[in-house]
Amino acid sequence: MEERKIRVLIAKPGLDGHDRGAKVIARALRDAVMEVIYTGIRQTPEQIAATAIQEGVDIVGLSCLSGAHNQLFPQVVQLLRQKGGDDIIVIGGGIIPYDDIPVLKKAGVAEVFQPGTSTQEIIRFIKERVAKRT
Amino acid sequence: MALAEKILKGDIKAASRLMRDIDDEMDSATDELKVLYPQTGRAHVVGVTGSPGVGKSTLVDKMVEVLRRDSKTVGVIAVDPTSPFSGGAILGDRVRMQRHSTDEGVFIRSLATRGHLGGISRSTHDVIKVMDAMGKDIILVETVGVGQDEVDIVNAADTSIVVLVPGLGDDIQAIKAGILEIGDIFVINKCDQEGADRLEQELRIMLEMGQKSTDRWTPPIYRTEAIKGEGIEELVAGIQRHREVLQQEGLHQKQARQRARYEFLEILKSSLMKKLLQRLSKNGELDRIVDAMVKREKDPYTMAEEIIHKILP
Ligand SMILES: Nc1nc2c(ncn2[C@@H]2O[C@H](COP(=O)(O)OP(=O)(O)OP(=O)(O)O)[C@@H](O)[C@H]2O)c(=O)[nH]1
Ligand SMILES: [Mg+2]
Chain A
1 MEERKIRVLI AKPGLDGHDR GAKVIARALR DAVMEVIYTG IRQTPEQIAA TAIQEGVDIV
61 GLSCLSGAHN QLFPQVVQLL RQKGGDDIIV IGGGIIPYDD IPVLKKAGVA EVFQPGTSTQ
121 EIIRFIKERV AKRT
Chain B
1 MALAEKILKG DIKAASRLMR DIDDEMDSAT DELKVLYPQT GRAHVVGVTG SPGVGKSTLV
61 DKMVEVLRRD SKTVGVIAVD PTSPFSGGAI LGDRVRMQRH STDEGVFIRS LATRGHLGGI
121 SRSTHDVIKV MDAMGKDIIL VETVGVGQDE VDIVNAADTS IVVLVPGLGD DIQAIKAGIL
181 EIGDIFVINK CDQEGADRLE QELRIMLEMG QKSTDRWTPP IYRTEAIKGE GIEELVAGIQ
241 RHREVLQQEG LHQKQARQRA RYEFLEILKS SLMKKLLQRL SKNGELDRIV DAMVKREKDP
301 YTMAEEIIHK ILP
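Chains as they are written, first to last, in this note's numbering: chain A, 1 to 134; chain B, 1 to 313.
Some clues are possibly wrong.
[Claimed, not checked] Restricting the straight-line Cα-Cα distance to at most 27 Å, the calculated cross-link-like pairs of lysine-lysine (BS3-like) are: (1) B/269 / A/127; (2) B/13 / A/106; (3) B/6 / B/72; (4) B/269 / A/83; (5) A/105 / B/34; (6) B/310 / A/5; (7) B/282 / B/310; (8) B/310 / A/83; (9) A/83 / B/275; (10) B/274 / A/5; (11) B/9 / A/132; (12) A/83 / B/274; (13) B/72 / A/5; (14) B/72 / A/105; (15) A/105 / B/9; (16) B/9 / A/83.
Since the hints were made in silico from the structure, they are not lab data.
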């Protein structure tokens, strides 16, 4: 049997209109043989959770530059749990103050990547986490 | 409880899981599909095909809106190409449909072609079945915009829509490529752009020439401006009319038989090959045959006959 393809949802919650960073990540993950579902900017946590469930993804990557990550990221985690998607891993990136990271992790975000993290590191993290889960 | 039973009880997560198993070609998916099969065949399946960028996703988004106003439940399958270089894919059709993502009457799934040619993925047929078993009234399948040979969808769709746009320079090109034969309905989108009249004229002439006197359906041409939602209600009404004609004329029955036959033979072929390949590889027979052929001691025709004779004496 063939190996399962890793499926990732890259989503931008919140009101900021920049998605250049998200697109760079999306392309890097595609080049690492993953299937990336891209949904564009200004997504609500409800939309992101519903999309993750419908698309059957292993992992959701959230990118937020607006500063609302402390509300938005935990909300996505909560909604996924409500919808039976507690097996879906949530990671985050964007402009996130260092002090917020433990809080986000406690809320169920698996990892938070700071600006400047290499895409290789993100890819490695995803592959390891998905392998560990299954 | 197995996935199939959960799906029949309305479990969205289970449906999504099974689609994943189908896409990843897990053996267990076949067992689930056996259970679902009797519950399929109710949804109306609509293929939406056309060159890259003609507005397929935008049209699908607007069609979903009209169908939902009509209280129809909708499944959407949006197929995008897998990169032949990396084996990965970016699936972006959904961007234009996101406003429907939280509507419980709509289920949208993006699929990558995973190397399959013909405009859809190998898994598309079975993912359609899952949505059908979920009870969706209508399933819209957006094919890859590869241009001219995305014709696989006709084996799955009850109604095939071909989308063209003015001024792409590909108007006559597309018509030449045999895309005429697969269209039950034609859409000229981006009618705000110049050249729509000419395209419609040319298309009409080509369609008339292609008509057979025995045909019981003349493919209509709808003009739309998908971004503004113009012409979409007429298009959706056209799909409904095509569906009615299929049923009245007994064409639906004929289509269903053709499709069942095609599907069975495809499945038979692939499971036979899989079994055979396993056996031939396991005992090293395949290598021996290849070696003998390269040395010209054996020919492939006799070898194939001998193997078939062994399993079907
Ligand atoms: N002017 C004009 N632009 C349109 C119309 N409909 C769609 N578009 C634009 O055409 C572009 C492509 O639209 P999509 O819906 O993504 O086209 P598609 O056929 O799904 O594209 P692929 O999936 O990449 O093949 C977008 O920028 C749309 O906004 C229309 O009626 N008029
Ligand atoms: Mg599209």
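- Query: Can you name, in rising order, the numbers of the hints this structure does not satisfy?
  - Reply: Of the numbered hints, 1, 4, 5, 6, 8, 9, 11, 12, 13, 14 and 15 do not hold.
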